[in-house]
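Bring the two chains, given one by one in their own frames, into a single complex with the hints.
So the chains spell out like this:
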Amino acid sequence: MCQLNFRITINQSRNRNYKEDCHHMFVTNKAASKRWLTFSVLALLSITACEETNTVGVDFIQESAIQVDTVFIDQIDLIEIDPYLGQLSYSALGSFQDPLFGEISSTLYFKPSINASSTDTVLEYMRFEMRLHLMEDEIYGDTSSTAEFDVYRIQNSWHGPSFRQSTEVNLGIERIGGFSDADIDTNGNVHVALGGSWDAFYREVFNIEDDSTRLTRYAEEDFGLAIVPKNTSNRIRFATISTSRLLVIGQEDTSSYGMQDWAYNIEREVVDPIPNRLLLHNTFEQVLKLDLKSLGEQLPNTNFVRAELVLEEDTTRANTSLSEHEQRLNVPGFRMSEGDFIDLAYQFGFSDNNIINGYPAKGRFRFDVTRLLNDQIYNNNPIKNSYIYPYVNAGYIGSNILYSNDAPPDKRPRLIIHSIQSEELK
Amino acid sequence: MLDILLNSCTLPRAASNKTALLALLIFLLSSPLLLAQIQSSNLYSSGSIYSAYGIGYPVEMETGSAKSHGIFGVTSVNQEVAGLTNPAFWSQTYYAQGASGIGLHSIQLKNTSSSGESALFEKGYLQLLFPLKSSELGVSVGLYPVTRSNLKIINEEQFLSYGDTVRYNSELQQMGGLNKFEIGFGWKLNDQISIGYAPSVAFFSMEKSEAFSFSSSLYSQQKQKLTLSGAAFSQRLGVAGSFRNVFKTQDKISVGATINVPFSMTLRQDFTTEKEIESGSKTVDLSNILTSKKGEMSLPLEYAAGIGYAPHTRFNVSIEGQYQQWSDYSNDLVDNDGAVMADRMRIGLGAQFHPYKKAQSGFFSSFKYSAGLSYDSGHLTIQEEEIRTLWLHTGLGILSRSPSSIDVSVRYGFRGTTESNLIEENIWAIGLSVNLAEIMFLRPKLQ
Numbered sequence: 079m080c081q082l083n084f085r086i087t088i089n090q091s092r093n094r095n096y097k098e099d100c101h102h103m104f105v106t107n108k109a110a111s112k113r114w115l116t117f118s119v120l121a122l123l124s125i126t127a128c129e130e131t132n133t134v135g136v137d138f139i140q141e142s143a144i145q146v147d148t149v150f151i152d153q154i155d156l157i158e159i160d161p162y163l164g165q166l167s168y169s170a171l172g173s174f175q176d177p178l179f180g181e182i183s184s185t186l187y188f189k190p191s192i193n194a195s196s197t198d199t200v201l202e203y204m205r206f207e208m209r210l211h212l213m214e215d216e217i218y219g220d221t222s223s224t225a226e227f228d229v230y231r232i233q234n235s236w237h238g239p240s241f242r243q244s245t246e247v248n249l250g251i252e253r254i255g256g257f258s259d260a261d262i263d264t265n266g267n268v269h270v271a272l273g274g275s276w277d278a279f280y281r282e283v284f285n286i287e288d289d290s291t292r293l294t295r296y297a298e299e300d301f302g303l304a305i306v307p308k309n310t311s312n313r314i315r316f317a318t319i320s321t322s323r324l325l326v327i328g329q330e331d332t333s334s335y336g337m338q339d340w341a342y343n344i345e346r347e348v349v350d351p352i353p354n355r356l357l358l359h360n361t362f363e364q365v366l367k368l369d370l371k372s373l374g375e376q377l378p379n380t381n382f383v384r385a386e387l388v389l390e391e392d393t394t395r396a397n398t399s400l401s402e403h404e405q406r407l408n409v410p411g412f413r414m415s416e417g418d419f420i421d422l423a424y425q426f427g428f429s430d431n432n433i434i435n436g437y438p439a440k441g442r443f444r445f446d447v448t449r450l451l452n453d454q455i456y457n458n459n460p461i462k463n464s465y466i467y468p469y470v471n472a473g474y475i476g477s478n479i480l481y482s483n484d485a486p487p488d489k490r491p492r493l494i495i496h497s498i499q500s501e502e503l504k
Numbered sequence: 005m006l007d008i009l010l011n012s013c014t015l016p017r018a019a020s021n022k023t024a025l026l027a028l029l030i031f032l033l034s035s036p037l038l039l040a041q042i043q044s045s046n047l048y049s050s051g052s053i054y055s056a057y058g059i060g061y062p063v064e065m066e067t068g069s070a071k072s073h074g075i076f077g078v079t080s081v082n083q084e085v086a087g088l089t090n091p092a093f094w095s096q097t098y099y100a101q102g103a104s105g106i107g108l109h110s111i112q113l114k115n116t117s118s119s120g121e122s123a124l125f126e127k128g129y130l131q132l133l134f135p136l137k138s139s140e141l142g143v144s145v146g147l148y149p150v151t152r153s154n155l156k157i158i159n160e161e162q163f164l165s166y167g168d169t170v171r172y173n174s175e176l177q178q179m180g181g182l183n184k185f186e187i188g189f190g191w192k193l194n195d196q197i198s199i200g201y202a203p204s205v206a207f208f209s210m211e212k213s214e215a216f217s218f219s220s221s222l223y224s225q226q227k228q229k230l231t232l233s234g235a236a237f238s239q240r241l242g243v244a245g246s247f248r249n250v251f252k253t254q255d256k257i258s259v260g261a262t263i264n265v266p267f268s269m270t271l272r273q274d275f276t277t278e279k280e281i282e283s284g285s286k287t288v289d290l291s292n293i294l295t296s297k298k299g300e301m302s303l304p305l306e307y308a309a310g311i312g313y314a315p316h317t318r319f320n321v322s323i324e325g326q327y328q329q330w331s332d333y334s335n336d337l338v339d340n341d342g343a344v345m346a347d348r349m350r351i352g353l354g355a356q357f358h359p360y361k362k363a364q365s366g367f368f369s370s371f372k373y374s375a376g377l378s379y380d381s382g383h384l385t386i387q388e389e390e391i392r393t394l395w396l397h398t399g400l401g402i403l404s405r406s407p408s409s410i411d412v413s414v415r416y417g418f419r420g421t422t423e424s425n426l427i428e429e430n431i432w433a434i435g436l437s438v439n440l441a442e443i444m445f446l447r448p449k450l451q
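If you read the protein sequences in the order shown, they are chains G and W.
Going by our numbering, the first residue of the first sequence is number 79, and it counts up by one from there.
Going by our numbering, the first residue of the second sequence is number 5, and it counts up by one from there.
Isolated chain W (complex conformation) (with noise of 0.2 angstroms):
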């Protein structure tokens, strides 16, 4: 991150940010400390409950800016971050850009008897986008999460032996998803039309391991891991129009749609664990023991649409819905652990105020102001129980003259449910992306 930072200014600049680095890089450095001590003795820590099923929650793919005001990138107006969510944005890319987000989730949660906290710390995406010809054709290298599990529970049980109790606690840990490496183009068709497609290589990778203690001396540590990996090719398509002066001279609707094509993954599992044997502890290979090492998973299809209405270059709204057919999800190998896998509809409504695009000084002239709201149905029914998440949004646009700019997200939402002894999550979400643009290929002027 501090990389970023360095090469994002020239000399002069960099100069004269030094106390802005220094701050960021305290704010950065800290974080993982923090939440270290945070995670120590939780019972139940590190991200939502809800990511222990099947391959993880789906992970949000979009800008700081969209996730600033509940909308999820399928359109873009006033927008300086073209994004991942829709390719066809990529097109219209005059710059060079480096983006990437970061994010701490702080989940306070409850059931109807208990509450607690925890909290997560996690990696965003990774673009690089390149304009082959400026605002024309774009390609896009992208590394970014699709699905998360990241959680530790710490489960207490017991069983008798013979007339006595042995206690013991299971550490169950679990850590990994789904990810894609994409490379594609966005092409603008006309000046109102563009269309995008980004292939990419799916690849599944999931470590559950489980550490066993027992109150009994009789029993010894014991440890398993369970992993699981697979790759597979996926892709999606984006279309996107942009019209100026509908309603009013200067004002602009953006509308967009994406697709994400289902795919189908084999995935391999392996079981290990340690056994104390004559020479001392190896390292064996349980995966005989597994029902099956290999098996088929089927991502379900996913399209997105919305639209957004500029009535100026300072004020947008935008208004967005995506759909995942979770229902049609299949894993040979992941159990869902009781849950039953349901399609899942967001929706997204959100405004933004750039003050800055207008000439005025003052404090609070300097930032883009964001808010929205964002409603999730959730990919879960557990116990007959929609796992719902209703999000607030807002966010601050920080921005330069240049094409750069550092997007911190806030989100405040409701998930779950204390229904059927599940668990509520309250969930403070503070993003935080930095977009690096530069003109990468420079005419010289003629003389």
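So that you can see chain G by itself, here it is in the shape it has in the complex (with noise of 0.2 angstroms):
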């Protein structure tokens, strides 16, 4: 709404005549008063009887428009990352004949905590049964198979926080106990009984008196048990170690230890590559490292509004290559991180920084780039190294297959630019 404001100063000299033309005036002027208060009146009741009808389309104005405009990524780079598999959430145990990214093997590491003080003995009668909490339905493989287990003790030290899927672990020839997940009871818990050489220098440390002596020989001299899969198992099973229990059992009274550490490592078998496709793991045995400062570079000269990076998926290859009863976990989405990073395995597994999440949507997986790329472009602000992986999810094993970029040029990577196309630009 617009006012005028201005003030106009009339000079105020008079003579006799005109101010008796004004004193007339004051008279006559009480009638012209009247009317345009009348005339007021009217004229705000015709503005206020305004009121709004239905709208007009105005289509014969040209008015800006969202244009769409694709950048195909001609360049991706493979890289290996040596993932950190120590003490993740779920950890997994089994193995798979998986027909489209292979054979896959797991076996789980764990070290029992022994107590810190001598107030408990395991006496002669006593007997350790480890209570292995599975999840219940989160399998990969063959869901109507079951998978039977081995039990080692492990003959080198290992460290779960820094367990990497390259950490060797040496294990001994003596079985120390195995079992069988259809053995799993109701509360989603496998006994498996601990014996062997094991169950006596377990007993052993456990009953000397002195602490630092127990703590110290355990350190040492024991290296915690291995979970190892039978090659007859045919799925991979993800166990809850920090709720799983070493259980020393009375005959009257059971007392239960947690787990110190643990860990595990996977084999994969190497398969041969798939033309156009690309077999991504959310263990990182292949992670997309992209040049999305020199893609910046190239975007077309335009107001773009939204800049997305579009990975799809051959998802019919994915669904169709199962058999009846066998499934695999959906890896819930792709990560990007974008940044310089010192450990680009604690980056990609543990840090919520710098990470762009790309959420699948039938079939393809688009990452929000618009932010990085004003960065770049508006504020001197180049992108750096940017990668791209299947998120870990907590140490369940994922996996997917995309389309490369020599795949046809609907399914090829690529940055879609959702910009306004302005009159002035045209």
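Think of the hints as simulated: they come from the structure by calculation, not from any bench.
Where a beta carbon is used, it is the ideal one built from N, C-alpha and C, also for glycine.
Here are some chain W residues the structure puts well away from chain G; computed CB gaps all over 12 angstroms:
1) Phe189
2) Gln196
3) Tyr201
4) Phe207
5) Ser233
6) Phe237
7) Val250
8) Thr253
9) Ile257
10) Ala261
11) Leu353
12) Lys361
13) Leu377
14) Tyr379
15) Leu396
Each computed EDC-like pair below joins lysine to aspartate or glutamate, with the alpha-carbon atoms no more than 20 angstroms apart:
16) W:Lys227 with G:Glu141
17) G:Lys371 with W:Glu282
18) W:Lys256 with W:Glu84
19) W:Lys298 with W:Asp336
20) W:Lys137 with W:Glu84
21) G:Lys308 with G:Glu226
22) G:Lys462 with W:Glu280
23) W:Lys114 with W:Glu389
24) G:Lys440 with W:Asp168
25) W:Lys286 with G:Asp446
26) G:Lys462 with W:Glu282
27) W:Lys229 with G:Glu141
28) W:Lys361 with W:Asp255
29) W:Lys361 with W:Glu84
30) G:Lys371 with G:Asp155
31) W:Lys297 with W:Asp341
32) G:Lys308 with G:Glu404
Encoded structure:
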């Protein structure tokens, strides 16, 4: 709304005749005032009577519109990362012959705690049992079969928080115990009797009265146990070691001890490459590395409102490659990390900084890279290294098959640029 | 506006006009509020849709008195206000005058399938007129719009994103136009002929903003703004003739003509938007994506002429014509959006009755009555359709025995067509002009 505001100064000098005129006006303007009032009220009413009706399309006025451009990603590098697999929320154990992603076998390592003070004693008649908690529904592989496992002693030192896929673990040949996942109870627990030399050693050390000696010997002479899948197993289970317990079972009472460390490793069969496809696992055997900085420099000269990186998944091949009763665990999405990172495995596995999530939708993963490109183009802050990888998912093993940059255009990795196509720019 | 009214009378009159002032104050203050309600949710609102083209729709600069009987102010017969249109009339001023006007347009619009309303409250001209030599040489200082674009269009569109329909609203708001600040003079050559010259600074300022909002949360709201500005020297000339006792005693013929010299202006445009970056939101200059940042605008030749006849002081009739050569208009920066600029012809015919000039009593004898008709061929041809306007004019003049006056004009216009899916506008236009006049220099009477 606009309003005029100005002041006009009128010369106040007047002659006598004009004053008389004004006096005359004073009399006659009483009637005029009433007319003004009448007019103003009428005018006001006429405006108040306005009201909205329907709207009118104005399609002959050319307005700006949203334009969609595609920039294909021609260069994708693949790098291999050695992931951290220790002390995750879920630890894999088992093996599965995945028709698409190849055979995968996982061994679980754990080391029970020992009593820190000499208040308890393991008596002769007492026995040891591992109460292993398994996730009931999360199964990678054949849901109709059972998986069997053997337990062996570990021969070398390892450390969960720094445990990587490449960490070497040697196992003894003595079978300490074994179980089948068919023995899982209604609480999701499997009870595994532990015996052999480990029983003898643990019992001996447990009963050492001197705390320091007990703990030192346990740390230096015992390296925990490994749960190894038997060859007959065709599925991978996931255990929550933080809720699993070592039970010391007596005649009348049972003591339980938690796990002081755990990890798992995987052995994956190398499969032949599939043309125009990328096989990606959330254990980072292959991670995509993109040069987004160069892509940003190739963008069309427009006012873009959204730039998204799109990866297409070959859902057909993924869904049809499994037999009946076989299943894979869904990877909840992909992540992009952008920056200069000292430890890529840590960044990919545990960091929440410099992350852009690529949520899955209808067989594709879309990453909003608008802010990154805005920063590069409008804030003189060039995009750094960009990596894309499947979400770690707390230890659950998952894989995806994506179309590569050699795939047909509608499936190729690409940047989708939504920009305002202004009339002034046409 | 209140200031004008407060200063327009001496103290006794100011006291007497309290009721009138109060009424007018209510009227003026209420208008914007009411209009705000009207405009709140229109798909298209604020002024004529045809002001979207070029640099806006040409604005009439005539006084309220001229506007109320369909003429443009090229001639002046029985008129109390010199006006801006013809600089030659500035020579005839005896009083120091201040004049201004405001207008309210209520537009009912329709195409072949729907209808709607829009409204516009617009400020008009401002003129100060000083007699350097009474009734012989006058100087005018004026500030007035030449073209005006004032509209808002909300457009609903959609696009497909992987099979999902993403709807978005784009709100286009375009405001501004060409204005002139003018200092000119009128000089009376002899009892019949006057001439005038008005150089001015023409300055152009227009802002076109577009805001986009999306139905999907994946897309954040966007706003971009294009501003255009420029200034140039322009000039116009006027000539007027006044002849008394032509056909009979006390009759009067007034003729006049004006010419606006074409001129060019260098325009500069800037394009900005808001961008989300790491540290928050930032206004960024996107002018580099414009095809050009500077460009030339050429405004066309314009001339007008008219004749008015008053058989006596209480009645006058006038006919005037105006021609604007818009086909010569060019603009490197502002696209015409598919419209073709066409030469514009305006013809106006009207009459006025001044019963108050004869001593008689009665309510209806206190006003000046005006009526007229005007035709405007328009300056736009869109999809091969000329955007013409036919106006019916009427108005009331509220006068006092002093030279000050108020003119209320009411017009009804038919603009455009529904052919080719264009829009026809039926316009109610109410104008209010205030002319304040006082003797500027008073010679002391001889004792």
